[in-house]
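J.: Heads up: the protein sequence lines correspond to chains A and B, in order. All letters in the first sequence, in the order written, are residues -17 to 318 by the numbering used here. All letters in the second sequence, in the order written, are residues -17 to 318 by the numbering used here.
Keep in mind that a hint or two might mislead.
Copies of the same chain are indistinguishable here, so a pair counts whether it falls within one copy or spans any two.
When the alpha-carbon atoms are kept at most 27 Å apart in a straight line, the in silico DSS-like pairs for lysine-lysine are as follows [unchecked claim]:
hint, residue 1, residue 2
1, LYS300, LYS123
2, LYS123, LYS87
3, LYS179, LYS307
4, LYS155, LYS307
5, LYS295, LYS14
6, LYS14, LYS186
7, LYS221, LYS179
8, LYS42, LYS123
9, LYS123, LYS44
10, LYS87, LYS179
11, LYS(-10), LYS17
12, LYS295, LYS44
13, LYS155, LYS182
14, LYS221, LYS250
15, LYS87, LYS42
16, LYS242, LYS318
17, LYS155, LYS172
18, LYS42, LYS295
Simulated from the structure, these hints should not be mistaken for lab results. Since we're looking at a predicted model, the values are computed, not measured.
Protein chains: 2
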Amino acid sequence: MESVNIKKLANILNISISTVSKALRDSHDISKETKEKVIALASELNYQPNPHASSLRKAKSKTIAVIIPEIANNYFSLAINGIESIAQEKGYHVLIYLTHESYLKEVALIRLLHGGRVDGILISLSSTTTDYSHLEEVQGKGLPLVFFDRVCENLNTVSITTDDYESAYNATKHLIGQGCKKIAHLMISKNLSIGNKRLKGYLKALEELELPVDETMIINCTNEEETNFELIKILLQEKRPDGIFAAVERYAISAYEASKQLNISIPKDLKIISFSNLQTASLLNPSLTTITQPAFDIGRQAATILFRALEEKRYLLKNEHIVFKSELIERESTSK
Amino acid sequence: MESVNIKKLANILNISISTVSKALRDSHDISKETKEKVIALASELNYQPNPHASSLRKAKSKTIAVIIPEIANNYFSLAINGIESIAQEKGYHVLIYLTHESYLKEVALIRLLHGGRVDGILISLSSTTTDYSHLEEVQGKGLPLVFFDRVCENLNTVSITTDDYESAYNATKHLIGQGCKKIAHLMISKNLSIGNKRLKGYLKALEELELPVDETMIINCTNEEETNFELIKILLQEKRPDGIFAAVERYAISAYEASKQLNISIPKDLKIISFSNLQTASLLNPSLTTITQPAFDIGRQAATILFRALEEKRYLLKNEHIVFKSELIERESTSK
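Could you build all of it, start to finish, from the sequences and the hints given here?
T.: Okay, here's the thing in C-alpha cells:
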C-alpha cells in the first residue's frame, strides 16, 4: 500500500502542503472548515504523522520521562505522584530527570532521550531556558512532548498550567483588601511563562486599585537560597513593605526566615501570601496564606494526554493550553 | 593474552577457588595475610572481576539510577542533590525512580535496569521489601549497587546510614530529660533496617531509665497519611502520651495536625521530637525539635563510592557499613 503523506493529502484536497501541515497542527492561520476537511481525509486514509514517530511508537520502551527543574518543591512531588498514578495504570515506568534550573543540562537530558530510551516526555522548563530548539528537535524525532507548569506556548503541543495571571491578580488584591499599601513581589524568572504571568497579575491589581508601582519592590529571586534570603532582608530593611506576594513557596520560606531575624511580626507588620503546595503551610507560625495549585491533578492530566498520544495512532498533539484553577486559602499570615 | 580468572589466581597461589573468591569479596572467613596475597596478585595480573561486569563497564551509558521510596521527603531530595553534585563532576546523568514503598515495583524497576540502561545503582529500599534476590540478581549481572539510608546489610556491598540506634536512644533520652514519662514511638516498618534500629534505640532508653514499655504506645505507621492521622488521634485520645518520638518527619507532621485538632498543646501537654530534614522545622508552631541527618553528605558519599566502583577496574564493592552522625537540634516542641 502506498504510504500516505502530507503531499498526497494536499494533492487530493487541491491545497498547499503548508496548509495541510498547518491544519494538522491546528494553526490559527487556517479556517475551521479547511481543518475539518484535512483531518477527515487524514483519518480516512490512516495518515501517520511521520515515519519516525510511527517507528518509535512500535519500539516501545514502556517508559516516559519527567523533566523538572528541582525536587525539593511540593508542587513537583505532587505532580509526579499524579503522573505516576496514570503511568502505573498503563504499565509504564517513569524516569525523573532534574535540570537544577540549567538550560545546558536540559539540552543534554533531552538529547539523551533521542535514542528511544523513553516513549514520551513530560517537561517543566528550567528558568534559564530561552531557546527551545532542543525541544523542537526531539519533537522532530517523533517523541511526543507535553508541558506542565513552566511551559512554552509557542511549541506545537499541549501545555497545562494553572490560571497564573488571575491567581496573582487575586493574591495581590487580597493583600490590598487586608490593608496593605506597599506590596513587594518576590518574582520567579521572567524567562518563564509563569514568572511573566504572575508578575503581570500583580501589576494589574496595583494599577486597578491605583497603587503606585515601585520597581525596587519587585525582587528578581535567584536559585540560591542564601542570595534570596539576603535580597529579601535588604528589601525588608530598606523598603519596609507591608505586604509580600511570593511567586514560589521557597521565597515565602526565606521571607519568614528574614522576618524572624529582623523581628518583623507577621501579619502585624508584614502580610505574606505565596503560591505554595507546602504541606506544613497550616502549621507554620503564623500559618501561611497560599495560592494552592491542583498539582496532583495537573500531573494526571499531563500524563493522560501524553498516553493518548502514545496509544492512539491518529491523535496528534496540537497547540493547546489547558488551564486548571488555583485556590486561594486564607490563613493567619494575611489576617488584619 | 590469556584472560585472568579466579581459577588462574587460585592455581598460582595454590589455594582454592572459593578462598580467592572470598578474599576478593573481603570475607571475614579469610585471613588478612591471604587477602593481601590474593589482591596483590589480582592487581599484578590485571584481574577483571567478571566478564559481564567488564563488558558493562565498557559499554557505558554514562547514567546512574537512584531508586528511592518517595519524593515528598526532604531527606531524599537533599540526598539526591548530593548525588547529583558528584554525578555532575563526573559527567553522568542521574535517573530517579520511585518505588512508592512497593516491593513489586522495586523488583520491576531493578529488572528494567538489567539491560545496560544504567552503569550503576544507588538504592534506598522500599518498606515492603523483605526478599533481596532481585538485588543479588542485578549484582550478578555486574551492575554495581550501593545502599543508602534504608539498607540491606547482608548483601555484599557498601551501605551508608546515620547512627540510627544512637540517635533514637538520644531522642528518647532527651524527651525523658524534658520530663516525659509516657513516651510513644511512631515507628516506620520493622522490615527496614532503620525502622528496627530506631525502635531498639527507643526501647533501650526506656529500659535504661527504668520507664515501662507499653506495646500499645508503639504505633506501626503506614504509607497512608490519613491512616496515620487516625492512628495518632486514637493514640492521643486513648493513651494520652506526654512525649512522641517520630521515626519519620511526615509522622511528626501528622502528630502536629492531630494535636491541633484535639486542642492538645505542644509542648505543654505533649512534647515531640522527630527524625527530620524539614526545611520549615524552625518555622513551625511550635518549632520542631529534630534529629537531622546529613542527607546531602550521605548522597555525596554514596555516589563517590559508586563512581569509584565504576572507574577503578580493581575496586570491588565489599560488605562495608559507613555511618554518619546525626545531630539533635533542640527547638520549642520539646521545651519544658
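J.: Flag every earlier hint the structure violates by its number, smallest first.
T.: 6
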